[in-house]
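Peer 1: Now for the letters of each chain:
2 protein chains.
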Amino acid sequence: MRKHVETWGPATVANWGPGYDLMGAAVSGMGDRVTARWEPNGTGQIQIEAITGDQGKLPLDPEKNTAGVAAQEALRIIGVTDKDVVLTLHKGLPMGSGLGSSSASATAAAWAVHQLCESDLPREALLPALLKAEAAVSGWHADNVAPALLGGFAFIPSYEPLEVLQVPGPNELWITLVKPDISISTRDARQVVPTEISLKQHTHNAGHLGGMLISLCRGDVPRMGRAINDSIVEPARASLIPAFYEVKAAALEAGALGCSISGAGPTLFAVSNDENKAHAIADAMVETFRTQAQMDSTPTVTVIDNEGARLLQSS
Amino acid sequence: MRKHVETWGPATVANWGPGYDLMGAAVSGMGDRVTARWEPNGTGQIQIEAITGDQGKLPLDPEKNTAGVAAQEALRIIGVTDKDVVLTLHKGLPMGSGLGSSSASATAAAWAVHQLCESDLPREALLPALLKAEAAVSGWHADNVAPALLGGFAFIPSYEPLEVLQVPGPNELWITLVKPDISISTRDARQVVPTEISLKQHTHNAGHLGGMLISLCRGDVPRMGRAINDSIVEPARASLIPAFYEVKAAALEAGALGCSISGAGPTLFAVSNDENKAHAIADAMVETFRTQAQMDSTPTVTVIDNEGARLLQSS
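Line order of the protein sequences matches chains A and B. All residue numbers for the first sequence refer to this note's numbering, where the first residue is 1 and numbers rise by one. All residue numbers for the second sequence refer to this note's numbering, where the first residue is 1 and numbers rise by one.
In isolation and in its complexed conformation, chain A is listed as follows (with noise of 0.2 Å):
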């Protein structure tokens, strides 16, 4: 067993237009740390010892913080009971924000018990962990927490039971991500998803999502960019960003291939297959939020993470 290891959880998009709770992806650059030390005089508990980069929003209770929740679970399912784990978590995402704050948390508190323990369960063994420290902050969704686990994009085929199917990301696909300077709650974000929708509305989507599917396992980066096409979920947050059509439409004319919502917003996330294009439609998006809105926004250039949660060092 190792004494201390700090480890990393990336930053997830979720939903890619069409695939409203079934796919998100790793995204590279952005993300959460947490740091992990033994404490021998326990039973197997998980203590939180600090926080930093959150503001002093989020609790030390182990117990109410999603970090604390995986990492406690990710204990019980490896078996650890004489000793506890000691966390320190760094936030390095905007929480609210869409691109997986909680999850990239999770991600990394689990991934941090994993490595302390050097446990030889495969990846696949903690979901069942993020899983339940996502339910604790916002509902029993895996779109994040597969791909911040896993790497790449992840693909939820079932729930019931938990499927997931790993695809790795092309590398010419490159994201632009726009965060506006507000922030919505996941909560809040689920509440206006309507609970009835057209059969017209379910082909229209499950169409768009198979061809994403099938452009991703082909690497047709501009196939799969068009897909990025929903009647379902964008519609109904839409209103809850200001200047959403405007914006997107700017990212479509400075050459995105697609451009939606990431998870429940309110970042948006354009893509397309040239570094310098991501750039200029950065540029575009930040400038419509600033006209249309009088809003400021903060634009990431970035790619698929293949990985997903990894060591950064241990002792």
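Calculated from the structure, these hints are not laboratory results. There could be a bad hint or two in this list.
The list treats identical chains as interchangeable, and a pair is accepted whether it falls inside one copy or across any two copies.
[What the hints assert, rightly or not] Simulated pairs of lysine to any residue, SDA-like, Cα-Cα distance not exceeding 25 Å: (1) K3 to D120; (2) K200 to A135; (3) K200 to R190; (4) K3 to G42; (5) K200 to P235; (6) K200 to S158; (7) K132 to L199; (8) K200 to Q166; (9) K200 to P128.
Given chain A, work out where chain B should sit, using these hints.
Peer 2: Same frame as chain A, now just chain B:
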């Protein structure tokens, strides 16, 4: 230009459980044939000289016959205006069986015109002709005509604009088809499909459909078979088929990876990855129709036809 051609349009299995209106696949050994020759004194019109195998049920009027409509539209697309084409249609498929009988006729007829003209248009150019023919008898759907024309599985991400993605069928995918001795019109079968569904039904079906497509792209037949799980259309149509759930249970019990209704029914399809198992499944399904519904049924064991419309002979 050729003087005479004989062509083949294969039977198709549509829907595949969760893929209502979105996917179908061509199957081997079952289909309709068309022979075609020129009538030099003409103006680009289709004439239907004879139809065999239809028990006198189909009209010779080319405007009222799916083969006639498809052939006429193909001739228009190819641009022939100075002679007529004379067709004979040989029905090999029973009508109202859920095996794409009308689309097999339309496909064979349009391909006969294409081959008679020795046109260099790609196959996809004939899709609008086939959609128009299908619309004349059962509505605007491409999930039979696209795979009949192109072979393999065809997925339709979008109808406006029409897009088709072809995915070859895996070699080890065996299909058991069992047609009970009743017939259902596509029009009637479509009327029982709900026009409003719950979001939960949508995510259930879209999830299983996505899992099926990823599995097809990977050639993972067991995973593909398990994804045949439909919460929208099968429950609505099951009551049209006597003893449906008993026959499906018998198929799964006999080793089927999945089982549902082929197209609008009443034919049931079951998938497996072994020829002997496919025959055992057929026996179990026929026996269950007999004992549970006092009904005769016709079994066929087949595989995916990756070729689609083809030329059988020419002079």
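Peer 1: Would you mind marking each hint as holding or not holding in the structure?
Peer 2: Evaluation of the provided hints:
1. K3 to D120: Classified as within: same-chain Cα gap 17 Å, cross-chain 70 Å, threshold 25 Å.
2. K200 to A135: Result: close only across copies, 17 Å inter versus 30 Å intra.
3. K200 to R190: For K200 and R190, both the intra-copy (21 Å) and inter-copy (13 Å) Cα distances are at most 25 Å.
4. K3 to G42: Cα proximity of K3 and G42: one copy only (15 Å, versus 89 Å across).
5. K200 to P235: both (15 Å within a copy, 18 Å between copies)
6. K200 to S158: Classified as both: same-chain Cα gap 22 Å, cross-chain 11 Å, threshold 25 Å.
7. K132 to L199: Classified as between: cross-chain Cα gap 22 Å, same-chain 32 Å, threshold 25 Å.
8. K200 to Q166: between (28 Å within a copy, 23 Å between copies)
9. K200 to P128: Classified as between; 21 Å across copies, 34 Å inside a copy.
Against the hints set out earlier in the document, no violation occurs for any number.
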